[in-house]
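Q: The two chains are supplied separately, each in an independent frame; assemble them into the complex guided by the hints.
Take a look at the letters that make up each chain.
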Amino acid sequence: MRIPPRFSQRLAIAFLGGATLVTLVILVAIIVFILEKGLLVLGWEFLFSSPKDMGRAGGIFPTLIGTVLLPLLAIIIATPLGVSTSVYLTEYTRESKTTRVIRFGTDCLAGIPSIIFGLFGFIFFVTTLGMGWSIMSGGLTLAFMILPTIIRTTEEAIRAVPKSYREVSFSLGATRWQTTKRVVLPNALPGILTGVMLGIGRSIGETAAVIFTAGSSLRIPESVFDSTRTMAVHFYILAREGISTENAYGTAAVLIIAVLAVNLLAYWLMNRFIARRS
Amino acid sequence: MALIGEKGVQRILLVTAFSAMSALLLIALFIVNEGVPFMFRYGIQGFLLSSDWDPSSGTFGIFPMIMASLWVTVGALLVGAPLGIAGAVFLSEFAPRPVMRVVKPAIELLAAIPSVVYGFIGVMVLAPLIREVFGGPGLSVLAASIILGIMILPTVISISIDSILAVPQSYREGSLALGATVWQTVHMVTVRAAKSGIIASVILGLGRAIGETMAVIMVAGNAVKIPDSPLDSVRTLTANIALEMSYATGMHREALFATGVVLFVVIIILNTVASVAMRKRAAKK
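Chains as they are written, first to last, in numbering that gives the first Met the number 0: chain F, 0 to 277; chain P, 0 to 284.
What the hints contain is simulated information worked out from the structure, not anything from laboratory work.
Keep in mind that a hint or two might mislead.
Here are the simulated SDA-like pairs of lysine to any residue, each with C-alpha atoms no more than 20 Å apart in a straight line [to be verified]: (1) P/K6 - F/T97; (2) P/K194 - F/A11; (3) F/K180 - P/G4; (4) F/K180 - F/I219; (5) F/K96 - P/F17; (6) F/K96 - P/W182; (7) F/K180 - F/E90; (8) F/K162 - F/T89; (9) F/K96 - P/G4; (10) P/K279 - F/E90; (11) P/K279 - F/V100; (12) P/K279 - F/R99; (13) F/K96 - P/K194; (14) F/K180 - P/R10; (15) F/K162 - F/Q177; (16) F/K180 - P/G7.
Derived, one-sided and incomplete: chain P residues facing chain F with beta-carbon distance under 7 Å [claimed, not checked]: (17) I26; (18) W182; (19) G206; (20) I240; (21) M244.
Label-pair ranges, simulated between beta-carbon atoms [to be verified]: (22) P/V181 - F/Q177: 51 to 61 Å; (23) P/F39 - F/Y91: 56 to 66 Å; (24) P/L25 - F/T98: 19 to 29 Å; (25) P/R130 - F/T98: 27 to 37 Å; (26) P/S50 - F/L38: 41 to 51 Å; (27) P/F133 - F/V31: 17 to 27 Å; (28) P/G134 - F/T244: 38 to 48 Å; (29) F/Y91 - P/T271: 20 to 30 Å; (30) P/R96 - F/A13: 17 to 27 Å; (31) P/I11 - F/R158: 14 to 24 Å; (32) F/E166 - P/L25: 38 to 48 Å; (33) P/R278 - F/R181: 46 to 56 Å; (34) F/G131 - P/A165: 45 to 55 Å.
Yeah, the Cβ is synthetic: ideal placement off N, Cα and C, and Gly gets one too.
Excised from the complex, chain P in its bound form (with noise of 0.2 Å):
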């Protein structure tokens, strides 16, 4: 290193440092450049708002996939934000500091698993459950939603946990002092002052079930069409690109990457909230 010096060393750390950001960038260009000049020439209201999506004849609509992946990241909210929550404020606040040491980590551990298990467990167990007790074909929006909101369980609980333990001592042992029970300043206190957090790990949760594909695709029945009940089999966005881009060439490749346009579009915006609710709380403590 001494050929280089410290201050060749410290350019080389700033350039590799970017890696992250150029790694963004450099995706963010290819996807564009592939999918965007589509998206004018077909139109971006043909593309967004038409229902139609038959690439064989050429109509590329992708009205019912943005339906699909709304309807579906809305049920795995509505199945993961409150178990995940409830599970947050009862390791941090009422489970002994020991219990909340062990099972905070083995909660933790299942994000790894992969998404494909999580599928497959839909396809084998929860599917036939949903056709025998509910109807219709099993493989569904309440499938995905059930499936996804399990999925994004160890995010919803870890980032909601730690959001939890940082707020001062003080704000609990004043609220204590004043004669509130542990679960009046549990609710009334902590997770109050914790809900930038808490909301910031919802969204991260949001993010990860909108942009989860391989599980989606193996328990929601892909069917393109607008769903009207749970029951309905659907293709979300993630879904429709993964299942044709192993064949898809021209024009209908070139849709493909739209619909991925899409999906960057939003994922990126709902990390900006989040990484937003993230510093509020950072700048509150």
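Extracted from the complex, chain F is given alone in its bound form (with noise of 0.2 Å):
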């Protein structure tokens, strides 16, 4: 039987557009489930008072704090590296074995699974170089998991900057070094920071990869080798555990409205980029 051209294609339009419409629905839905029984539980009270019996009452200020410090240091240790690899691959060198080398290995450590760098942050920074559990290790861990975002982002960024800039800025007698710094740089500066943004929105969801280096203390950390619990950890407790599952919804809640906001930012600081160039 020989179905006519045009019925088929109104059949494959209906098909593909309903799949569509099941991915957008579900993918809603899922967000709005957690918001909705979530933001029952939200307020003040809750996010700035410390927990009870362990999560059971009280509030997640412990694990806000934690929740600040991680991404913090890993942003703060993975941004130079990853900044000065695009750099490098950009600026300093052509194609070559060597760039296809960097690039291969920054593909293979974006696909690293997080247990993978729970494990090995756990074996390096906890265990053989004596940090234990704490936001030192945590942070260092993340700074691993987040480096190929950054490189990626970045690099993309800085290809965006039109090559006339960096011929004017040569012609006018910079150095190579000097027209990266001043000229490059700058103008690549906002997808610099999506990248960034998207770093910290990774770590902020990031539970294998802290539980086992940054540990789940719920207590006010001190110093960086401290232990300390991250709303992502302290949820996975909450619910794996069945602590409190209304608690549970409302840092879910939290958490989610935090990886939103990060990543939003990310994307309209990459909009204006986009807008700027063209």
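A: Structure below.
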């Protein structure tokens, strides 16, 4: 039996459109579901008081501190490394075997599951280097994890800076480094910040790599060598050990709002960057 | 910088440029160093192909976990790949451009939702539903497959759209000029030309599904046994590591690192295949 092409086209569009709709509905439903239940719990009291009875009651204040400090540390370490990698790849070399090796390494690192980062961070930072379960171990592990994100985004941002900018700078007698520092990097800044925001977003939501490196202490940390518990880890423990479903929803809502806000900011920066380019 | 000079800057940049590669090697070194000696001492065959996992009596066979990871990953692909590719084709070829420009970043944004949140949804919504409709414990291969399938959607959709949009417009015009309908053009010309990129998107999704830990721990049930139905509770390789790592010592801990080695090798192979597929696409352009 031969189906007329016009009819099969209509069928295909209906099917593909349906699949797209299903995808969108699922994804939106997840966010709405969490926010709907979580916002009931949310309030200043919940955000700024300490958990009581392992999190059965009280708020999530100490986990907020962990959630700010760990990504911050990761970014401080990973950004200089990532940016200088991209500067090297774009400004200081041509495509060669070396760049291919660097790119392959970056791609592979991006694909490593977070539990492997957790294992590595545990054996390297926590045990071998003797940092124990601490903000330091967790931050360093996360820095390894987000390095590829920063490299890729920065590289794209630097490539988007028009060639003529560099030519003008060179023609004025500037060296390569002066051109990079004064012309290329300032122009690529919004794009670089996008990468930084994406890295922060990923760090905030990370659980597997953090739980084995930063631990899960609920005390307010006094130094970077103290253990801490991030929001994501706290949420995982609340949900998995059935401590408090209500507080789990509340924590999940804060987590989602934080991650979406950071990522939206990243997209906004990226769009501004693209708009300025064209 | 005048102190260091141009050559110095270049040298520093070259060194830092290898940071990601060094990180990768350092990770490989430490995981291998901790896991591989154990594998040889215990016997690779016994480790990979035996079904006895009983750390308290010193037996470490991860075959059930390998099978569990396989089931769950294939399940995730069955859910995520068709839905994702269909979405990508629709958004890139049929939806109005402005719609695509809004929907694509929105979908990519969902890749940022922490995996624990997906797992939690699985526990609260999906598992009870499966228990009611199909019976069984609810926390199962099926639940894990659906949750992982949803989690890989952003990866599959985003990369597939990029590769479909990279197909030159002249291909489409040529086909339409020959009298083909838009749909005929899409499935006979465009999708075929974008094939390697679409395959790469699925492989990267696969890598994400195999490596996912927290969501799977929450929804798969974690029983150490070889599944024989999608409704069975299973424990994946990743779950095995994360569940026991917090209290494992000695041989037991080494066995968990050895599990990590298996995972690491699988992921590196998948990434290599994906990057070859991507390069093929780039070369064709």
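Q: The structure should be examined with respect to each hint, and the outcome stated for every one.
A: Verification of the supplied hints:
For the hint linking P/K6 to F/T97, the alpha-carbon distance of about 18 Å falls within 20 Å, and the restraint holds. Of the pairs offered as hints, the one joining P/K194 and F/A11 holds, with about 19 Å between alpha carbons and a cut-off of 20 Å not exceeded. Restraint check for F/K180 and P/G4: satisfied, since their Cα atoms lie roughly 14 Å apart, inside the 20 Å limit. Of the pairs offered as hints, the one joining F/K180 and F/I219 is violated, with about 40 Å between alpha carbons and a cut-off of 20 Å exceeded.
For the given pair, F/K96 sits about 13 Å from P/F17 by alpha-carbon distance, which is consistent with the 20 Å threshold. At most 20 Å may separate the alpha-carbon atoms for a hinted pair to count; F/K96 and P/W182 exceed this at roughly 41 Å. Under the criterion of a C-alpha separation no larger than 20 Å, the hint pairing F/K180 with F/E90 is consistent with the structure, at around 11 Å. At roughly 11 Å between alpha-carbon atoms, F/K162 and F/T89 fall within 20 Å of each other, so this suggested pair holds.
With a C-alpha separation of about 26 Å, the suggested pair F/K96 and P/G4 falls outside the 20 Å cut-off, and the hint is violated. Between P/K279 and F/E90 the alpha-carbon distance is near 25 Å, which puts this suggested pair outside the 20 Å criterion. With a CA separation close to 17 Å, the supplied pair P/K279 and F/V100 stays within the 20 Å bound. Among the hinted pairs, P/K279 with F/R99 is consistent with the structure: their alpha-carbon atoms are about 14 Å apart, no more than 20 Å.
For the proposed pair F/K96 and P/K194, the alpha carbon gap of about 26 Å is over 20 Å, so the pair is violated. For the hint pairing F/K180 with P/R10, the CA-to-CA distance comes to about 16 Å; that is within 20 Å, so the pair holds. For a cut-off of 20 Å, the pair hint linking F/K162 to F/Q177 stands: about 15 Å separates their Cα positions. Distance check on the hinted pair: F/K180 and P/G7 sit about 15 Å apart at the alpha-carbon level, within 20 Å; holds.
Against a cut-off of 7 Å between C-beta atoms, the interface hint on P/I26 holds, since the closest Cβ of chain F lies about 5 Å away. With a least beta-carbon distance of about 4 Å to chain F, the hint placing P/W182 at the interface is held under the 7 Å criterion. Taken as an interface hint, P/G206 checks out: its beta carbon lies about 5 Å from the nearest beta carbon of chain F, inside 7 Å. Evaluation of the P/I240 hint against chain F yields a held restraint, the C-beta minimum of about 6 Å falling below 7 Å.
This hint holds: P/M244 has a C-beta 6 Å from the nearest C-beta of chain F, less than the 7 Å allowed. Restraint check, P/V181 to F/Q177: a C-beta distance of roughly 52 Å satisfies the suggested window 51 to 61 Å. Taken as a hint, the range 56 to 66 Å is violated for the pair P/F39 and F/Y91, whose Cβ atoms sit roughly 43 Å apart. Roughly 21 Å separates the CB atoms of P/L25 and F/T98, a value that falls within the hinted 19 to 29 Å.
The hint said 27 to 37 Å for the Cβ distance between P/R130 and F/T98, and at roughly 52 Å that hint is violated. Against the hinted window of 41 to 51 Å, the Cβ-Cβ separation of P/S50 and F/L38 comes to about 46 Å, which satisfies the hint. For P/F133 and F/V31, the Cβ-Cβ distance of about 26 Å falls inside the hinted range of 17 to 27 Å, so the restraint holds. Between P/G134 and F/T244 the CB atoms are about 24 Å apart, so this pair departs from the stated range of 38 to 48 Å.
For F/Y91 and P/T271, the hinted distance range of 20 to 30 Å is satisfied, since their beta carbons lie about 27 Å from each other. For P/R96 paired with F/A13, a C-beta distance near 21 Å keeps the hint of 17 to 27 Å intact. At roughly 21 Å, the beta carbons of P/I11 and F/R158 sit within the given window of 14 to 24 Å. Between F/E166 and P/L25 the beta carbon distance is about 39 Å. The supplied range of 38 to 48 Å therefore holds.
For P/R278 and F/R181, the hinted distance range of 46 to 56 Å is not satisfied, since their beta carbons lie about 35 Å from each other. Distance hint check for F/G131 and P/A165: the Cβ-Cβ separation is about 48 Å, which falls inside the suggested range of 45 to 55 Å.
Checked against the numbered hints above, the structure breaks hints 4, 6, 9, 10, 13, 23, 25, 28 and 33 and satisfies the rest.
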